[in-house]
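A.B. asks: Residue numbers (numbering that gives the first Met the number 0), protein chains in the order written: chain A, 0 to 212; chain B, 0 to 212.
In short, the hints are calculated from the structure, not lab data. Among the hints, a few may not be true.
Using 27 Å as the maximum straight-line C-alpha spacing, the simulated DSSO-like pairs for lysine-lysine come out as follows [stated by the list, open to error]:
| id | chain 1 | residue 1 | chain 2 | residue 2 |
| --- | --- | --- | --- | --- |
| 1 | A | 29 | B | 83 |
| 2 | B | 143 | A | 11 |
| 3 | A | 83 | A | 111 |
| 4 | B | 111 | A | 53 |
| 5 | A | 72 | A | 111 |
| 6 | B | 124 | B | 83 |
Here the structure is a predicted model, which is why all the values come from computation and not from measurement.
There are 2 protein chains.
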Amino acid sequence: MSKGLSTRRLPKSGIYRLALYSRYLSGISKNDDDYISSQELADATGHTAAQVRKDLTWHGGLGEAGKGYEIRKLKTMLTAAFGKERVRNVILVGVGNLGRALISYSGFQLQKFNIIAAFDRDIGKIGTYVEDILVSDIRELDSKIADMEVEIAIVAVPKLSLQQVVNRLVASGIRAILNFAPTLATVPEGIEMQNVDLSIELDRFCYLLEGNS
Amino acid sequence: MSKGLSTRRLPKSGIYRLALYSRYLSGISKNDDDYISSQELADATGHTAAQVRKDLTWHGGLGEAGKGYEIRKLKTMLTAAFGKERVRNVILVGVGNLGRALISYSGFQLQKFNIIAAFDRDIGKIGTYVEDILVSDIRELDSKIADMEVEIAIVAVPKLSLQQVVNRLVASGIRAILNFAPTLATVPEGIEMQNVDLSIELDRFCYLLEGNS
Chain A
0 MSKGLSTRRL PKSGIYRLAL YSRYLSGISK NDDDYISSQE LADATGHTAA QVRKDLTWHG
60 GLGEAGKGYE IRKLKTMLTA AFGKERVRNV ILVGVGNLGR ALISYSGFQL QKFNIIAAFD
120 RDIGKIGTYV EDILVSDIRE LDSKIADMEV EIAIVAVPKL SLQQVVNRLV ASGIRAILNF
180 APTLATVPEG IEMQNVDLSI ELDRFCYLLE GNS
Chain B
0 MSKGLSTRRL PKSGIYRLAL YSRYLSGISK NDDDYISSQE LADATGHTAA QVRKDLTWHG
60 GLGEAGKGYE IRKLKTMLTA AFGKERVRNV ILVGVGNLGR ALISYSGFQL QKFNIIAAFD
120 RDIGKIGTYV EDILVSDIRE LDSKIADMEV EIAIVAVPKL SLQQVVNRLV ASGIRAILNF
180 APTLATVPEG IEMQNVDLSI ELDRFCYLLE GNS
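This is chain A alone, in the form it adopts within the complex:
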């Protein structure tokens, strides 16, 4: 297999770094036609300048000798990489405590995720509303997904149900899944699945608790 840049995939931690660069750029007081050095981005985000330069080449970002990166170009590049200009309709499967918390979570809206429907298998929940979202029977998933032309699902179901729910979503035309269940599932090639890993936050917290400061 070729190891050329074009056929390799940016690892998860690289995406994380790009997101950090993007946040830093949104927060600084410099003008868009100013330049920024890889060293400044490195210092601000806790990486090396070499790492920053390597990461930015993934999206074609090339600094100019002695000047660095034009901020406008970097911002445009990162906005495109994260698709920040568009609203995305998503469905939620699993309306337990976590699912309810996610419906209320303001971050989804900030990031332009728009939850348009929710599904559960619990007869006690079907037909009720959580905020203004109607909870539908999970057995209607196929027909509703077809009607709504939605391709993204957020999943907050119990561990044991995850693979079954994922299979059903994929069969119904869902192309990307954000998984909050504390376990993993397999998806066919071409389907994106991202697992939210709270344990890395707990790791960080443990590290602070050890007095590593």
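Keeping the supplied structure of chain A fixed, place chain B upon it in accordance with the hints.
C.D. replies: Chain B alone, transformed into the frame defined by chain A:
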């Protein structure tokens, strides 16, 4: 201010990288008396070898020329850095949907966080149990914290209550706070507060959705 290593603090993203190295080491089939190169750790986690070497020096990890790092030493170093050998008692404040989800979240136990008490201000919740955790009146926070000799709190309260709850926790002797509220609060110097940032997971997901693979 000195910029020497000993007085600087490892940035959040550095802690994240150390956690990734630690996970990779727990998963590989090599023996503890084998050696591993910074390049292997870099390739496995999506960083540069220079970044890996720099990160490991924070805890005194020094490779041997031509051999790399002894796996046993690295593991011992990282286990100590994250305090992974000890169980930590914690309290939870806020027993809404997210708080309930956190009580059920298996990851806390895996990471040896033991939720020993929960608090809320809602009279309808006080005196009830979530799993086997009794929900107490938040007005009893002071006396209960003193009785339990607990120093760590997990906070899952509404945005608007966060600063008030944090002030109360600090006044009651809590030294470290893991904040799940989607906003920030200030704490006095010497108190650790970590904010769980779900938006970075959403950023990653957006990135995948843009077909950056």
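A.B. asks: Decide, hint by hint, whether the structure agrees.
C.D. replies: Now the hints, each set against the structure:
Taken as a hint, the residue 29(A) and residue 83(B) pair is broken in the structure, with Cα atoms around 42 Å apart against an allowance of 27 Å. Distance check on the hinted pair: residue 143(B) and residue 11(A) sit about 42 Å apart at the alpha-carbon level, beyond 27 Å; violated. Among the hinted pairs, residue 83(A) with residue 111(A) is consistent with the structure: their alpha-carbon atoms are about 8 Å apart, no more than 27 Å. Straight-line distance between C-alpha atoms of residue 111(B) and residue 53(A) comes to about 37 Å, which puts the hinted pair past the 27 Å bound.
Restraint check for residue 72(A) and residue 111(A): satisfied, since their Cα atoms lie roughly 23 Å apart, inside the 27 Å limit. Annotation: proposed proximity of residue 124(B) to residue 83(B) is violated, straight-line Cα distance about 33 Å (limit 27 Å).
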